[in-house]
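A.B. asks: Starting from the known structure of chain G, fit chain F onto it as the hints suggest.
Take a look at the letters that make up each chain.
Protein chains: 2
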Amino acid sequence: MSFDAVDVIRTKRDGGVLSAEQIDWAVDAYTRGAIAEEQMASLAMAILLRGMTRPEVARWTDAMIRSGERMDWSELSSPTTDKHSTGGVGDKITLPLAPLVAACGAAVPQLSGRGLGHTGGTLDKLESIPGWRASLSNEEMLEVLRTAGAVVCAAGTGLAPADRKLYALRDVTGTVESIPLIASSIMSKKIAEGTGALVLDVKVGSGAFMKNASDARELARTMVDLGTDHGVRTVALLTAMDTPLGRAVGNAVEVAESVEVLSGGGPADVVELAVALAREMLIGAGLTDAKDPAEALRDGSAMDAWRRMITAQGGDPDAALPIPRESHEVKAPETGFLSRLDAYGVGVAAWRLGAGRARKEDTVSYAAGVTLHAKPGDEVREGQPLLTLHADETDRFERALEALEGAYEIGGKPDPQPLIIDRIA
Amino acid sequence: MSFDAVDVIRTKRDGGVLSAEQIDWAVDAYTRGAIAEEQMASLAMAILLRGMTRPEVARWTDAMIRSGERMDWSELSSPTTDKHSTGGVGDKITLPLAPLVAACGAAVPQLSGRGLGHTGGTLDKLESIPGWRASLSNEEMLEVLRTAGAVVCAAGTGLAPADRKLYALRDVTGTVESIPLIASSIMSKKIAEGTGALVLDVKVGSGAFMKNASDARELARTMVDLGTDHGVRTVALLTAMDTPLGRAVGNAVEVAESVEVLSGGGPADVVELAVALAREMLIGAGLTDAKDPAEALRDGSAMDAWRRMITAQGGDPDAALPIPRESHEVKAPETGFLSRLDAYGVGVAAWRLGAGRARKEDTVSYAAGVTLHAKPGDEVREGQPLLTLHADETDRFERALEALEGAYEIGGKPDPQPLIIDRIA
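Chain order of the listed sequences is G and F. Quick note on this note's numbering: the first sequence kicks off at 2 and runs consecutively. Quick note on this note's numbering: the second sequence kicks off at 2 and runs consecutively.
By construction, these hints were calculated from the structure, which means they are not laboratory data. A portion of the hints provided could be inaccurate.
Identical copies carry no separate label here, and so any pair may be met within one copy or between two of them.
[Claimed, not checked] SDA-like mimics (lysine to any residue), calculated; alpha carbons at most 20 Å apart, straight line: (1) K292 / D305; (2) K212 / D8; (3) K166 / E38; (4) K361 / V7; (5) K292 / F398; (6) K361 / A35; (7) K376 / D305; (8) K166 / E70; (9) K361 / D5; (10) K361 / D8; (11) K212 / R11; (12) K212 / R424.
Looking at chain G on its own, in the form it has when it is part of the complex (with noise of 0.2 Å):
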């Protein structure tokens, strides 16, 4: 069936809800080129201003989905679980977490992408790790969940190409923050990925994409609809992200905490984020019987798959991390609690200092990066380091402390806040 762009942008626009056809295709015709971006970029902030009831939204997903491959794990012996975050700063969850779940028994067939903006990326912080590859073959991706159980790389091109397509329209037309938008393009990559079980990880607060609960937990419902209308086992925990996870935000910095996070130590919310997500992976492939995650921690076997994991990427767990060769310190101000340490400011920081990217076609520094000396709630003497910023270059730190200014305060002790704030399934 055909439609007339101007149409179903009408449609959309005068406040309407499109059929099952007009979405499926605008969708494909979108992939073919047959409607224009400057036609797609409109009917999208038609979207955003308008809303999508379910059905639509459960369209949209599954006409991106057909856009593209299906992937299919069903010769693994192990059942497939994964977990997606909204992003956050210093969120390395995904690092310890798919090694972990691998040792527990189930398969992570995770695809991945990178920093932009603020919020890190998972595969730019696996890239520091010397020779470790993020691009792989359908094939090559199995091998690597056969011999390892987890496997983190970047999808490919045949994956929900409309999406990709969309998405990057979104990123320069104003159209990023739409719920419906933002569902679709994550679902439709997560199911057709292939995975058996969905932990979505929606971050609330400063630092996240979603600023206030009531908007993350309808993200949440959003995204948990669309996982089971596609047979995928999906549940989501609404987390935190109001200052930043653990105590490294980077590239390099955050693979070293990750690493003693599987060594049995590291930062206690980054732990306690990665064996909440990791026991929920567990409970979504149906391995209720499994060994506990924070037993694989303390027992070694979440790091020999982590070791595993790394190797069959080409990458050496053992090789030194790159270094920065420029460092700068924040030192308290006065004597008293960190009552407050913004996420969204160290963040920024963290950016500017070169660990994150402005546009898709820039580098990152591995080395750059902000480690943390205090979390809030911890007590602070005047001149004690409160912050360590990392670059490759001393121009990096000017811009860098003024993200910083105001993103901290010395006072009293603040109220303890959850990191796990609900769950949803």
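C.D. replies: Coordinates of chain F only, in the frame set by chain G:
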């Protein structure tokens, strides 16, 4: 000053007011190509759905005027005055009007357009006159104005190039129907055209762009304000467009009807509107003691001005007009009064017969169109001709007849409706 396109889009998307600097930058950057088509499409949809304040529309219009040249007719000894119609079916008014006003002593420098969709274009109509040229240089325009007192020609590429680009974009992105964008598009061209006074004929009804009087009034008010703010004496008439104007819809048939009017005859509604608009144009030009336009139709001076105008643009006012090869009569299905004859249905029929174009690059048939043998309120007898369809090929008739299904009704005598609904100054 430079801005980020996504920030500008987000401001409007989130219901904010664009600053003068943002508007100046956006219009200029788009004209230069520094804002991509997809970004402007997204912004246009946000403007359509969020609206613009009066200062925003004024600045947007101003920026579009400043994107090109502003013409200057101060060398002429007569005051300048012009008319713009928002477009209707059978709306050939410019053809008799421009020479009529010239005959009464004002100069009419009209830049006009071609038809797109179900409403015809003044240039397409005039081009059915053998030899007549729509494209003139500024020097040629001045020369025709001096010789004939009126000129009707195509706008050059130097005039409001931002609007030219934006209009083409809006046409394919479902962003035409925005009062701020319509008003700024029309007024930027008319103000850049350099006329000292302007009368707007804002059409209301089934065959018009504005289907109801309140939208039409808002558009008229916005345009009158824009003209006034830019020093152009501007007034608007709201006029009915539920049934075609006159008895001819097409190209050559409308030229023939215009010549009838200039000979002192022609349909009453065309004469009424032409005279009313001419009086307003003369008042705008400050010529309160001028000859009355009704007199100029009777005494042949308007016809003389027409002949001078057509001749000065290379046309032969005595040449035979193109004659349709094929025709088809629609007969009255019963006896009674013609209670309704829908402008939109007739407009679409004429378009499908070949008089209009679906895409800018299409050519039009000069001979194609519709002749009306009865107007609403006329008594008709079963079997008498109601409409004659004209086309170059017989295979055009079927789809034209489909457009006419339900477009006319025979019944009781309808209440007479006023042609001129309101005046906004």
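A.B. asks: For each hint, tell me whether it holds in the structure or not.
C.D. replies: Hint-by-hint comparison with the structure:
| no. | hint | in the structure |
| --- | --- | --- |
| 1 | K292 / D305 | within (15 Å within a copy, 100 Å between copies) |
| 2 | K212 / D8 | between (34 Å within a copy, 18 Å between copies) |
| 3 | K166 / E38 | both (9 Å within a copy, 16 Å between copies) |
| 4 | K361 / V7 | between (30 Å within a copy, 15 Å between copies) |
| 5 | K292 / F398 | neither (45 Å within a copy, 78 Å between copies) |
| 6 | K361 / A35 | between (25 Å within a copy, 18 Å between copies) |
| 7 | K376 / D305 | neither (30 Å within a copy, 89 Å between copies) |
| 8 | K166 / E70 | within (15 Å within a copy, 38 Å between copies) |
| 9 | K361 / D5 | between (32 Å within a copy, 16 Å between copies) |
| 10 | K361 / D8 | between (33 Å within a copy, 18 Å between copies) |
| 11 | K212 / R11 | between (31 Å within a copy, 16 Å between copies) |
| 12 | K212 / R424 | within (17 Å within a copy, 50 Å between copies) |
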